[in-house]
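Student: So the chains spell out like this:
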Amino acid sequence: GQQLNQSPQSMFIQEGEDVSMNCTSSSIFNTWLWYKQDPGEGPVLLIALYKAGELTSNGRLTAQFGITRKDSFLNISASIPSDVGIYFCAGRNSGNTPLVFGKGTRLSVIA
Amino acid sequence: NAGVTQTPKFQVLKTGQSMTLQCAQDMNHEYMSWYRQDPGMGLRLIHYSVGAGITDQGEVPNGYNVSRSTTEDFPLRLLSAAPSQTSVYFCASSYTGRTNEKLFFGSGTQLSVL
Numbered sequence: 001g002q003q004l005n006q007s008p009q010s011m012f013i014q015e016g017e018d019v020s021m022n023c024t025s026s027s028i029f030n031t032w033l034w035y036k037q038d039p040g041e042g043p044v045l046l047i048a049l050y051k052a053g054e055l056t057s058n059g060r061l062t063a064q065f066g067i068t069r070k071d072s073f074l075n076i077s078a079s080i081p082s083d084v085g086i087y088f089c090a091g092r093n094s095g096n097t098p099l100v101f102g103k104g105t106r107l108s109v110i111a
Numbered sequence: 001n002a003g004v005t006q007t008p009k010f011q012v013l014k015t016g017q018s019m020t021l022q023c024a025q026d027m028n029h030e031y032m033s034w035y036r037q038d039p040g041m042g043l044r045l046i047h048y049s050v051g052a053g054i055t056d057q058g059e060v061p062n063g064y065n066v067s068r069s070t071t072e073d074f075p076l077r078l079l080s081a082a083p084s085q086t087s088v089y090f091c092a093s094s095y096t097g098r099t100n101e102k103l104f105f106g107s108g109t110q111l112s113v114l
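Taken in sequence, the protein lines are chains A and B. The first sequence: position 100 = 100 (our numbering), numbered continuously. The second sequence: position 71 = 71 (our numbering), numbered continuously.
Next up, chain A with everything else stripped away, as it sits in the complex (with noise of 0.2 Å):
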């Protein structure tokens, strides 16, 4: 099946540091996803890409789908600890199929 590599697995920065993280996969994809998962909670949706070259702002978060639409990254700015968790990519190539999940980046926000 199609797999989703995303990298780093863990991450631990300073606070006010920003963060970027990366998600590749081997097959196009026509749309991306980021989630974030806090701590004893499901994921929550963070940003939605859908255009190849789209570049996309939530608050602090940045996300782009690749031009070549087999990666996307995901880059936050000015860390805070309540950024912690685990941030999920996940793409899909076609209208019918199911969304297809990264393995995650953990990370940790030391104050």
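Hints are computed from structural coordinates only; laboratory data are not their basis. Possibly wrong hints are sitting among the right ones.
Said to hold, decoys possible - Over the 12 Å line for every Cβ pair with chain A, so calculated as not near, a few chain B residues: (1) GLN11; (2) LEU13; (3) THR20; (4) ASP26; (5) TYR64; (6) ASN65; (7) ARG68; (8) THR70; (9) THR71; (10) SER84; (11) LEU114.
To be verified - Label-pair ranges, simulated between beta-carbon atoms: (12) GLY40(B) to GLU41(A): 18 to 26 Å; (13) LYS102(B) to ASP18(A): 25 to 33 Å; (14) SER77(A) to VAL88(B): 36 to 44 Å; (15) SER80(B) to LYS51(A): 43 to 51 Å; (16) ASP38(A) to LYS14(B): 26 to 34 Å; (17) ASN75(A) to VAL12(B): 22 to 30 Å; (18) ASN28(B) to SER57(A): 28 to 36 Å; (19) PHE10(B) to SER20(A): 19 to 27 Å; (20) PRO61(B) to GLU41(A): 35 to 43 Å; (21) SER20(A) to PRO8(B): 16 to 24 Å; (22) SER82(A) to THR70(B): 35 to 43 Å.
To be verified - Straight-line C-alpha distance at most 30 Å; calculated DSS-like pairs for lysine-lysine: (23) LYS51(A) to LYS70(A); (24) LYS70(A) to LYS102(B); (25) LYS102(B) to LYS14(B); (26) LYS9(B) to LYS51(A).
Ideal Cβ placement from N, Cα and C applies to all residues, glycine included.
Once you have looked at the hints, place chain B on chain A.
Tutor: Just chain B, lined up with the frame of chain A:
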């Protein structure tokens, strides 16, 4: 606004026991799905449904059954639990069509099989 409701929150089973994980949504979503989350494995799709009466297998369907008799409910059944099914299970739902990738997740069921 309840959203996606999963019960129970926690469950411990013995090997061979059966049980049903419940999932209900009140958003009139056509699409519902079940994922399991294991350390280092991310979210893996078990089964999904695009509407009442329609179900399909995901990436890891073995050992699990589902049915979709109503739009609101999508229960996941373990017929004979195995230790390999120890995991956190998430139900998720969305509208169909172009927006059906905006999944809304429940808060999860943590299952331990001894």
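Student: Hint by hint, say whether it matches the structure.
Tutor: Verification of the hints:
No beta-carbon of chain A comes within 12 Å of the beta-carbon of GLN11(B); the shortest separation is about 15 Å. In this structure LEU13(B) is separated from chain A by more than 12 Å, as the shortest Cβ-Cβ distance comes to about 20 Å. The claim that THR20(B) is not at the interface with chain A holds, since no C-beta of that chain comes within 12 Å of its own (minimum 19 Å). For ASP26(B), the requirement that its beta carbon stay farther than 12 Å from each beta carbon of chain A is met, with the minimum near 16 Å.
With a minimum CB-CB distance of about 15 Å to chain A, TYR64(B) clears the 12 Å threshold, and the non-interface call stands. No Cβ of chain A approaches the Cβ of ASN65(B) within 12 Å, the least distance being about 18 Å, so the stated non-interface status holds. Here ARG68(B) stays apart from chain A, with its beta-carbon at least about 15 Å from theirs, past the 12 Å limit. Taking the minimum C-beta to C-beta distance to chain A, about 21 Å, the non-interface status of THR70(B) holds against the 12 Å cut.
Every beta carbon of chain A lies more than 12 Å from that of THR71(B), the smallest distance being close to 18 Å; the non-interface claim holds. No Cβ of chain A approaches the Cβ of SER84(B) within 12 Å, the least distance being about 18 Å, so the stated non-interface status holds. A cut-off of 12 Å between C-beta atoms confirms that LEU114(B) is not in contact with chain A; the least separation is 22 Å. The hint said 18 to 26 Å for the Cβ distance between GLY40(B) and GLU41(A), and at roughly 19 Å that hint holds.
As the Cβ distance of LYS102(B) to ASP18(A) is approximately 26 Å, the hint placing it in 25 to 33 Å holds. For SER77(A) paired with VAL88(B), a C-beta distance near 30 Å fails the hint of 36 to 44 Å. SER80(B) and LYS51(A) have their C-beta atoms about 46 Å apart, which keeps the hinted 43 to 51 Å range intact. Checked against the hint of 26 to 34 Å, the C-beta distance between ASP38(A) and LYS14(B) comes to roughly 31 Å, which is consistent with it.
A hinted range of 22 to 30 Å for the beta carbons of ASN75(A) and VAL12(B) is inconsistent with their spacing of about 41 Å. Evaluation of the 28 to 36 Å hint for ASN28(B) and SER57(A) yields a pass: the beta carbon distance comes to about 30 Å. In this structure the supplied range 19 to 27 Å is violated for PHE10(B) paired with SER20(A), their Cβ-Cβ distance being about 36 Å. Distance hint for PRO61(B) and GLU41(A): a CB-CB separation of about 25 Å, inconsistent with the stated range 35 to 43 Å.
A hinted range of 16 to 24 Å for the beta carbons of SER20(A) and PRO8(B) is inconsistent with their spacing of about 38 Å. About 37 Å separates the C-beta atoms of SER82(A) and THR70(B), a value consistent with the hinted range of 35 to 43 Å. Pair hint LYS51(A) plus LYS70(A) holds up; C-alpha atoms about 12 Å apart against a cutoff of 30 Å. Proximity of LYS70(A) to LYS102(B) is assessed by CA-CA distance (about 20 Å); at most 30 Å being required, the pair is judged to hold.
A C-alpha spacing of about 35 Å is found between LYS102(B) and LYS14(B), which places the hinted pair above 30 Å, so the restraint is violated. Our distance criterion of 30 Å between C-alpha atoms is broken by LYS9(B) and LYS51(A), whose separation comes to about 37 Å.
Figure legend: structure checked against the earlier numbered hints; hints not met, in rising order: 14, 17, 19, 20, 21, 25, 26.
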